[in-house]
Amino acid sequence: MVKTFFLHIEDNSPLIKLHPVLKILLLIVINIEAWIIESPLILLIVLTVMILSFKPLKVPLSRIARFLLFAVMIVQAIAFSYLLGSTIPGNIVLLKLPWGTYVSDMTLLYAFTMILRFLTMLVGSTLILAVMRDVDITYGLISMKVPFSIAFTISLAFRMASIFLEDYFKVRDSMALRGTNFSSGSIFEKANKYSRLAVPLMVLGVRRMMELTYILEAKGLGLRKKRTYLYQFPLKASEKLAIVVLTSLMCLSIVAKVSSRLLSFPGWPFV
Amino acid sequence: MDGMDKVLGESMEVNVRQVAITGVTAGLCLPLALFAIILIPIPGLPAASGFWIPAGFYFVMTLWFGIWGALGGHIATTIAMGYFFGYTLHVWLDGGIGDLLAPLVCLLVFKLTKASPELKTKRDKIVWAIAVPLSSLVCGLWVHTIHLLFGTITWPFWYIGVLTYFIGDSLAVFTVGTPLLKSLTDYVKQSPMYVWHQR
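Chain order of the listed sequences is C and X.
With the numbering used here applied, the first sequence closes on residue 734, and no number is skipped along the way.
With the numbering used here applied, the second sequence closes on residue 262, and no number is skipped along the way.
Simulated from the structure, these hints should not be mistaken for lab results.
A portion of the hints provided could be inaccurate.
Said to hold, decoys possible - Pairs of lysine to any residue residues, derived as SDA-like cross-links and limited to a Cα-Cα distance of at most 20 Å, are as follows: (1) X:LYS252 x C:VAL598; (2) C:LYS689 x X:LYS183; (3) X:LYS183 x X:VAL201; (4) X:LYS183 x X:ASP249; (5) C:LYS682 x X:SER254; (6) C:LYS653 x X:PHE237; (7) C:LYS656 x X:ILE230; (8) C:LYS699 x C:LEU489; (9) X:LYS252 x C:VAL666; (10) C:LYS682 x C:PHE611; (11) C:LYS653 x X:PRO242; (12) C:LYS656 x X:LYS245; (13) C:LYS682 x X:MET256; (14) C:LYS682 x X:ASN78; (15) C:LYS689 x X:ASN78; (16) C:LYS559 x X:PRO219; (17) X:LYS183 x C:VAL662; (18) X:LYS245 x C:LEU667; (19) C:LYS608 x X:ASN78; (20) X:LYS245 x C:VAL662; (21) C:LYS703 x C:LEU489; (22) C:LYS480 x C:MET607; (23) C:LYS656 x C:ALA639; (24) X:LYS245 x C:LEU489; (25) X:LYS245 x C:SER658; (26) C:LYS699 x C:VAL598; (27) C:LYS656 x X:PHE237; (28) C:LYS720 x X:PHE213; (29) C:LYS656 x X:PRO242; (30) X:LYS252 x C:ARG671; (31) X:LYS245 x C:ARG670; (32) X:LYS188 x X:THR248; (33) X:LYS245 x C:ARG659.
As the list claims (entries may be wrong) - Label pairs and their calculated CB-CB ranges: (34) C:LYS608 x X:LYS185: 43 to 53 Å; (35) X:ILE193 x C:PHE645: 29 to 39 Å; (36) X:LEU156 x C:SER722: 17 to 27 Å; (37) C:VAL512 x X:ILE189: 49 to 59 Å; (38) X:LEU156 x C:LYS720: 15 to 25 Å; (39) C:SER647 x X:TYR250: 28 to 38 Å.
By construction, the Cβ of each residue, glycine as well, lies at the ideal position given by its N, Cα and C atoms.
The task is simple: from the sequences and hints, build the whole structure.
Below is the structure:
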């Protein structure tokens, strides 16, 4: 098993062995493609393919289940926004609202499309980030000619997020053991109780920040120095080809969106 | 120092300390952003919360450590809305930039009025009471006007969005940030990264 940022993955997963640049590029391509595509049918196909690919790529599908609550939050936000606040013309108007907006058949289809777009990004990003290690972010960004200081900061942010998540649970459990009931009270009372976690968490944060600075300075880490690297990730011919294919796919999608209606929402433009 | 450096009173040159401030602030705010959205979600507004807990942290980090704390908040918001909420690219960047602007406005107000983040005097407290809602309003106006221009939200939700950001961010910053500034500024002063040493 290989330890990634968020979980352990089987070491024979094809995604684990990918070059760091390809992992980062895949993450970018998935999110940009979902942003470009507005056709509900194509989004549905992409989403289905992604969900089906979890098993052959040896990434636990249960990972998505952990985000179910987040998904429900966003789906309700999209649904409310379009059902209560949009004027998208369609073949039939299903409901007219007193503040001047209405719900048509196209409103429902467009809200569904936006939900598919969000799910595509969530599922795709989960698939890639499940196999992302800290070295992948640092080396991947450096290979993409991003300055070391930025690559290191982003890698540090991910590493610290998982550490603070553990801190958060420790502090919360300690407070619960001392009698704080986080599940009782109104939503604002709950928020107030959670906000009391702030002081211990901030003390831990500031202490870690100081320690980290001293360690990095003691190690002589220079952000502008010419660096040597512990690991080497040479690009194979197949990986170079994959980079060309992914980049071309993004460019082709943009061209297809501008020049044809293939990737557009049926019924665009709204007038 | 010149330009922005002069106004904010800190060096913009990147070194190990600044990287540590940004990385740790981002790491600290990232899980909090997730809890905030789960705790009080706002119907109709993507990745919005009625009580934006991380704002309390990155406002304080910015007042203590300058622009690098704000940058940490920006990275946390961008990643939280990007990966964990999977919303569209412009929503990530829009929200992220909004959360970068807000603490910087607050820092600018503190620097221009020469107030202290220790909040010991009545004057400091008044500046804090004005700077926080002002910053939240700037953030809310930025985020929702961009959302509106991209068609992500509609006009009725623009008003709700700006009001939500104004109330949600201000409430969180006052509730979380005030005790942090009052109780921990003395402790943080030991750090060489504290940006008010020049005063």
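Honestly, which of those hints from before does the structure not fit?
1, 2, 3, 24
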